[in-house]
Amino acid sequence: MHQIACHECDLIHDIPPMPTRGAACCVRCGAVLLRAQANSIDRTIAWTTAGLVLYVVAVTFPFLAMRSGSIIQETALLTGIQQLYSQGIYMLAFLVLLTCILIPLGQMLGLLYIFIPLKLNVRVKFAIPVFRLFQHFKPWSMMEIYMLGILIAMVKLGKMATIVPGLAVIAFGLLIFVLNFAITAVDSHMVWERLGGES
Amino acid sequence: MKVALISARKAGMVSCHDCHLLSRMPKISGQQVAHCPRCGVVLHQRKPNSIMRTWALVITAMIFYVPANVLPMTVTSALGTTQADTIMSGVIYFIHSGSWEIALVVFVASIFIPFLKFIIIIYLLLSVQFKSIKRPRDRTILYRITGAVGRWSMVDIFVVTILIALVQLGFLANIAAGPAAIYFATMVVITMVAAESFDPRLIWDVVDEKHE
Ligand SMILES: [Zn+2]
Ligand SMILES: [Zn+2]
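Residue numbers (the numbering used here), protein chains in the order written: chain C, 1475 to 1673; chain A, 104 to 315.
Certain hints may be false.
Unchecked claim - Think about it this way: if two alpha-carbon atoms lie no more than 30 Å apart in a straight line, the pair counts; the simulated DSSO-like pairs of lysine-lysine are:
{"id": "1", "chain 1": "A", "residue 1": "K313", "chain 2": "A", "residue 2": "K237"}
{"id": "2", "chain 1": "A", "residue 1": "K234", "chain 2": "A", "residue 2": "K150"}
{"id": "3", "chain 1": "A", "residue 1": "K113", "chain 2": "A", "residue 2": "K237"}
{"id": "4", "chain 1": "A", "residue 1": "K113", "chain 2": "C", "residue 2": "K1599"}
{"id": "5", "chain 1": "C", "residue 1": "K1612", "chain 2": "A", "residue 2": "K150"}
{"id": "6", "chain 1": "A", "residue 1": "K113", "chain 2": "A", "residue 2": "K313"}
Hints in this document: simulated from the structure, not taken from any laboratory.
Generate the whole structure from the sequences, applying the supplied hints.
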């Protein structure tokens, strides 16, 4: 039995030992106070590893190709960012790079950095700041929004040319789900307890 | 789950922003700060200066909203002619070409959601400042909605990025990002930070005070 305060209305709750799967909600405002995950460590590591493989495919393979008559033009995931950069719009290039490429990668590397030592029962330096960053950067990972952008761009260019999705788009689409599974598998209450308890 | 029906602040406790550990709020004076015993972050019972910070951010975002909508988002040049498109003219283009569902998605994400966020955040700020006790639970849900939907406004920036990538060598046309793109992206980022800087517990503090 321990106490926590709701992060949205500050009401104090006594939390009994949680079942392996289940969530506790605030009785006053309905916010989810904590959500227990079964096998959090193994599932997070498994999904994150799968995500890294997909990530490599998404970044290196052809992303979208545009065919108009006999001309085919291939692009990679990074092409748009390079073009923004060469047009001199550095801030946008940086923002897209950050939200769709760097932060998702950082999330996966961060998760492995925290969860592999938890699995092996060893301590690593900077685990607490890494996990803190992971939590703060969550809303800034925007791959699913980029995917919606692809759909809109395809409709927009559909009149002019045929857009052919490459292997990287498929990997990118799968990565959205896999990374989401990895993040949902994280039992943050358990992680904080283990990270804090060991020090 | 037992509930004491008292807020952490009233009980002299503080909940850590990052790790949610509930601990006793140490007595501090002046420039001193208290740190979370578990994760070490600086403890605050409420987000510091939440109301003023949120006002400043939401007003800045509203100022950026104007050029983001008025200036061209993309400049397309094909066969010697150039065409500048704003967000709204992009929406109208989709309606004319028969893809009204895409028109709706772009309109909602780029024009409606930012506007809705301004209204909700300002409403929440005023309701706290005027010490409203009406429907605190619904207002908390509104706060949760603003946090969840704001990121989707980014979609137009990504559309521009993808268009530029695909039409890069100019064999059909050439597309460049217009001046609105930077204003728009800045507006979305600032609105996301504004929603984050509002502290929903302020809504409930007013309710707690009135119940005494
Ligand atoms: Zn609550
Ligand atoms: Zn803490």
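Worksheet item: K113/A and K1599/C: Cα distance at most 30 Å?
Response: Roughly 36 Å between the alpha carbons, so the hint for K113/A and K1599/C is violated.
Item to complete: Could you grab the alpha-carbon distance between K113/A and K313/A and see if it respects the 30 Å cut-off?
Response: It holds: about 13 Å lies between the C-alpha atoms, which stays within 30 Å.
Worksheet item: K313/A and K237/A: Cα distance at most 30 Å?
Response: With Cα atoms ~11 Å apart, K313/A and K237/A stay inside 30 Å; holds.
Worksheet entry | Pair hint K234/A and K150/A, alpha-carbon separation not exceeding 30 Å | With Cα atoms ~18 Å apart, K234/A and K150/A stay inside 30 Å; holds.
Discussion item. Check whether the Cα positions of K1612/C and K150/A lie no farther apart than 30 Å.
Written reply: holds (19 Å)
Worksheet entry | 30 Å Cα cutoff - pair K113/A, K237/A | Holds, because 21 Å separates the two Cα atoms, which is no more than 30 Å.
Comparing the model with each numbered hint stated earlier shows that hint 4 is the single one that does not hold.
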